[in-house]
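Participant: Listed below, chain by chain, are the residues.
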Amino acid sequence: AVSLPFAVGQCGNQVGCRFWDLALREHAAVNKKGIYDEALSSFFRNIDTRSGGDGPGIYKGKICSLKARALLIDMEESVVNEILQGPLRDVFDSKQLITDVSGSGNNWAVGHKLYGYQYRENIVEKLRKNAEHCDCLQCFFIIHSMGGGTGSGLGTFVLNLLEDEFPEVYRFVTSVYPSGEDDVITSPYNSVLAMKELNEHADCVLPVENESLFEIVNKINQMINSGKLGSTVKQNSLVTSSAGSVKTLQEKPFDAMNNIVANLLLNLTSSARFEGSLNMDLNEISMNLVPFPRLHYLVSSLTPLYTLADVNVPSRRLDQMFSDAFSRDHQLIQADPKHSLYLACALLVRGNVQVSDLRRNIERLKPSLHFVSWNQEGWKTGLCSVPPVGHSHSLLALANNTCVKPTFIELKERFMKLYKKKAHLHHYLQIDGMEQSCFSEAVSSLSDLIEEYNELDATKGGPRTDPSRLKIAV
Amino acid sequence: MSIVTVQLGQCGNQIGHEVFHSLCSDIRGTHGLCSRKENQSYQDACKERFFWEQESGVPVARAVLVDMEPKVISQTLSIAARSGCWKYNSQSHFCQKQGSGNNWANGYSVHGPRHKESIMNLVQKEAERCDRLGGFVTIMSMAGGTGSGLGAFVTRCLRDAFPASFILNHVIWPYGTGEVIVQNYNSVLTLAHLYRSADALLVHENDAIHKICAQLMNIKHISFRDVNQVIAHQLGSVFQPAHTTEGDPNYSRNPLGDLMETLVPHPEFKMLGLRSIPQIAENSLPYSTFSWPGLIKHLRQMLIANAQMEEGIDWQVRPPPPGSSSHSTKKPLHFNTSVANLVILRGKDVHTVDLGSFQDPSLYTSWLNPQDAFNAWRTPRAFNKYEKSASLVSNSQFLLKPLDSVVGKAWNMFASKAYIHQYTKFGIEEEDFLDSFTTLEQVISSYTTL
Chain A
1 AVSLPFAVGQ
11 CGNQVGCRFW
21 DLALREHAAV
31 NKKGIYDEAL
41 SSFFRNIDTR
51 SGGDGPGIYK
61 GKICSLKARA
71 LLIDMEESVV
81 NEILQGPLRD
91 VFDSKQLITD
101 VSGSGNNWAV
111 GHKLYGYQYR
121 ENIVEKLRKN
131 AEHCDCLQCF
141 FIIHSMGGGT
151 GSGLGTFVLN
161 LLEDEFPEVY
171 RFVTSVYPSG
181 EDDVITSPYN
191 SVLAMKELNE
201 HADCVLPVEN
211 ESLFEIVNKI
221 NQMINSGKLG
231 STVKQNSLVT
241 SSAGSVKTLQ
251 EKPFDAMNNI
261 VANLLLNLTS
271 SARFEGSLNM
281 DLNEISMNLV
291 PFPRLHYLVS
301 SLTPLYTLAD
311 VNVPSRRLDQ
321 MFSDAFSRDH
331 QLIQADPKHS
341 LYLACALLVR
351 GNVQVSDLRR
361 NIERLKPSLH
371 FVSWNQEGWK
381 TGLCSVPPVG
391 HSHSLLALAN
401 NTCVKPTFIE
411 LKERFMKLYK
421 KKAHLHHYLQ
431 IDGMEQSCFS
441 EAVSSLSDLI
451 EEYNELDATK
461 GGPRTDPSRL
471 KIAV
Chain B
1001 MSIVTVQLGQ
1011 CGNQIGHEVF
1021 HSLCSDIRGT
1031 HGLCSRKENQ
1041 SYQDACKERF
1051 FWEQESGVPV
1061 ARAVLVDMEP
1071 KVISQTLSIA
1081 ARSGCWKYNS
1091 QSHFCQKQGS
1101 GNNWANGYSV
1111 HGPRHKESIM
1121 NLVQKEAERC
1131 DRLGGFVTIM
1141 SMAGGTGSGL
1151 GAFVTRCLRD
1161 AFPASFILNH
1171 VIWPYGTGEV
1181 IVQNYNSVLT
1191 LAHLYRSADA
1201 LLVHENDAIH
1211 KICAQLMNIK
1221 HISFRDVNQV
1231 IAHQLGSVFQ
1241 PAHTTEGDPN
1251 YSRNPLGDLM
1261 ETLVPHPEFK
1271 MLGLRSIPQI
1281 AENSLPYSTF
1291 SWPGLIKHLR
1301 QMLIANAQME
1311 EGIDWQVRPP
1321 PPGSSSHSTK
1331 KPLHFNTSVA
1341 NLVILRGKDV
1351 HTVDLGSFQD
1361 PSLYTSWLNP
1371 QDAFNAWRTP
1381 RAFNKYEKSA
1391 SLVSNSQFLL
1401 KPLDSVVGKA
1411 WNMFASKAYI
1421 HQYTKFGIEE
1431 EDFLDSFTTL
1441 EQVISSYTTL
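Those protein sequence lines, which keep their order, are chains A and B. For the first sequence, the positions run 1 to 474 when the numbering used here is used. For the second sequence, the positions run 1001 to 1450 when the numbering used here is used.
If you're looking for bench data, these hints aren't it; they were derived computationally from the structure. Here the structure is a predicted model, which means the values were calculated and not measured. Certain hints may be false.
[What the hints assert, rightly or not] Straight-line C-alpha distance at most 20 Å; calculated EDC-like pairs for lysine to aspartate or glutamate:
| # | chain 1 | residue 1 | chain 2 | residue 2 |
| --- | --- | --- | --- | --- |
| 1 | A | K366 | B | D1432 |
| 2 | B | K1425 | A | D203 |
| 3 | B | K1417 | A | D203 |
| 4 | B | K1417 | A | E215 |
| 5 | A | K471 | B | D1404 |
| 6 | B | K1425 | A | E275 |
| 7 | B | K1401 | A | E377 |
| 8 | B | K1220 | B | E1282 |
| 9 | B | K1417 | A | D457 |
| 10 | B | K1097 | A | E132 |
| 11 | B | K1097 | A | E451 |
| 12 | B | K1097 | A | D93 |
| 13 | A | K471 | B | E1282 |
| 14 | A | K129 | A | D93 |
[Claimed, not checked] What the simulated footprint calls covered on chain A by chain B, stretch by stretch (three residues with Cβ under 8 Å from a Cβ of chain B suffice, anywhere in the stretch; the number is not a length):
| # | region |
| --- | --- |
| 15 | 286-299 |
| 16 | 360-366 |
| 17 | 426-438 |
Note that CB positions come from ideal geometry on N, CA and C, so glycine has one too.
Using the sequences plus the hints, can you model the full thing?
Facilitator: So this is what it looks like as structure tokens:
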């Protein structure tokens, strides 16, 4: 099944760039014969360089030229241009790009209302063209940040559009949330306005916080520089590393953090691409992890962050991987799922791990986790045989957990701080289609969401009364 | 008579493959412990039942492979072909690209009707290839979306298209602690629907087989392949040719019919459990000896005490004393009451085995004669290198507790309405859930009051 990612805005495109780079690296490591196979086809088309049209289909032939299935959208050209001038230039063509020159000025309204309106037809046309090349389109991915103008505003506009044009295709969104010290003053406005769209139109949202990514990068740097384990770490196994990929020579400051997000997406889709004894497709993730339509925010964690060169993996290290997945340090947002309430949890394991390892660890970890009363065994599991590059095994945990609540509460507080003083509001209201009600509706939507999490939290630890069963006349 | 197997979803296809592999390796083996003539007769019967021959001489499984995503089927086809001993018909499969998303409603209400014609065409072709069609076996899990939902739909279609044929659903009960979060919903919907269309449901529980792998087979890192191989062995012990009629030297010409006749006297009682002993690691086989009295004693106690395997049996459990009415509350707790039982013996000296202990009326509910409630099939040809093997197919309270547990958990979740929107999205409404709950509470009630 095929996925079509959209990278929107500066952050989205920088992450996207890392994503396609690491995807190529991953497939190159697995696909030794250079045959265009089912796994490759989920992210790449095989282009016949002579005719320009689609080349040999799945399993039918060698790879001619791979083109990423993607749409790159930015209202400011520099990031996309850089991609097109860099080593990944052959992976995209002009039919996949939508750019403008002046940017959105960190203004959600400019991204959503102004550019949205202006570029709607263009986006729909390119979307349809790209979708035509997909044998069976299962999922759209949107990669963007929440705090700016393009990724946030235009990104959520695209989300709406996807629901209108392709209502049956799943919409997964990877959203980078701003930190408290974000240098964009209006990021709370942009984020809350975007949240309303995510609440209403996304099937699943994977929030990511820069602070968490930053802490992971630091942790790894400390580990390497401390000299203790540094020399034995496999470079290409670092979750932050671009080693072995096409772009290695030009590492930029955010690359390490963006690689983490790229790895998240690769792991998320691994079971849909590669074989395993218990497959876990994207539609299964949505089905199992979203018990109520609006509660679709999933906290993710990736382990291991690196692998040591000594490949011998005793069980204890494998079990450590499972334990780490639930520790605060490995979450991609500032949250602690262990001390909050789980609605559902998914474990996607890659590599040489068997069902007994999975079960042993679930049994071991279960007692320390709090699950909602109607989903005491709320585990969804997947086993994919192919590990990520540099690792013998890895684990992606996705938790639908009330620990996202603090992130949303903080966001709301930052929003209210600005909104009470009507700071910068005029920049938004002067855009055609923006009204004060957009703001009040957005914060109301966020409040409702927080309230839903509150209600669930209130049930935690309370007395458990199972509903009485149906009585049958004997 | 031939049996057509329909493999549904990842689980169904993975297990199906192991089953055909196990059948093939059994007939190719020379450990039959019987005359050449007998061995030949067994091989021929097995081949006719499960395979047909192509010009190349390689047996082709009488199977239809169905999945809503391509990876598993493509793997299954290629592994089988590589074995050199048997293969699947490369035309006999149907798959799509996007899967069922663990969504029973998607499997049943969307994929089912959409692909009914294509799938039933394949089934029809296999059925027509049989000189005499003995019936259908479907292999599926209850937890996911394809095996469960599409499997339930296909079973209904089989019943409509072949009203006189026997249909047996081989159903995999998922691990208690989740493989799939909505597995209890999917299981409830599946079981309720299968109950209406199939003749019987033969169940394997992942938890039980996992224990067998851990404790009896000594496997350190148990994989799904290990689990599936044990399941395949147990199924093989039931489906390989057997002498079902006392005194008849021929192998049964109607295996599914014989099974149904002996085990399903009443349509309210269709849940069959399977126990097979001994079960040990293959490399331990040459060093182990078993005695029939020992095996029979263990098997009987496994029946009475509802034990999953021959270790850890509760020997304290005893049948109720004679004279107590079968509905009396004096019946000891944990005692597993049976509707009907079938013991299948294979190997050395089968005709000497005393099975009188299985005919004890206190084992059974009162409304059947013990003579009718118990049957035995004795086949001298040994199975799968086991010098002696005994399998018990039981229509009893074996599955009462698991069934009650699944229904309870599903009901608990249903009360909070969690995940219901995922099903209504594809056309399964709350009333459909309620209907299924009602059907299963009825089944639970029936088995409880045995």
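Participant: Against chain B, does the region 286-299 of chain A show at least 3 residues with beta-carbon separation below 8 Å?
Facilitator: Coverage by chain B holds for the region 286-299 of chain A (8 residues, Cβ < 8 Å).
Participant: Is the straight-line distance between the alpha-carbon of K1417(B) and that of D457(A) 20 Å or less?
Facilitator: This hinted pair holds, its Cα atoms lying about 17 Å apart.
Participant: Count the residues of the region 426-438 of chain A whose CB lies closer than 8 Å to any CB of chain B, then report whether that count reaches three.
Facilitator: Violated - the region 426-438 of chain A has 0 residues with a Cβ nearer than 8 Å to chain B, which falls short of three.
Participant: Measure nothing beyond the straight line between the CA atoms of K1401(B) and E377(A); if it is 20 Å or shorter, mark the hint as holding.
Facilitator: holds, 17 Å
Participant: How does the region 360-366 of chain A fare against chain B when you require at least three residues with a CB closer than 8 Å, holds or violated?
Facilitator: holds (count 3)
Participant: Taking 20 Å as the top limit, are the C-alpha atoms of K1425(B) and E275(A) close enough?
Facilitator: violated, 29 Å
Participant: Under the criterion that the straight-line Cα-Cα distance not exceed 20 Å, is the pair K1097(B), E451(A) satisfied?
Facilitator: violated, 39 Å
Participant: Would the hint linking K1097(B) and E132(A) be met if the CA-CA limit is 20 Å?
Facilitator: holds, 15 Å
Participant: Against the 20 Å threshold, does the CA-CA distance of K1097(B) and D93(A) hold or violate the hint?
Facilitator: violated, 26 Å
Participant: Can you confirm whether the C-alpha distance between K1220(B) and E1282(B) stays at or below 20 Å?
Facilitator: Between K1220(B) and E1282(B) the Cα gap is close to 15 Å, so the pair holds against 20 Å.
Participant: With a cut-off of 20 Å on the C-alpha distance, tell me whether K1417(B) and D203(A) pass.
Facilitator: With a Cα-Cα distance of about 18 Å, the restraint between K1417(B) and D203(A) holds, given a limit of 20 Å.
Participant: Under the criterion that the straight-line Cα-Cα distance not exceed 20 Å, is the pair K1425(B), D203(A) satisfied?
Facilitator: holds, 13 Å
In this structure, the earlier hints numbered 1, 4, 6, 11, 12, 13, 17 are contradicted, and the remaining ones agree with it.
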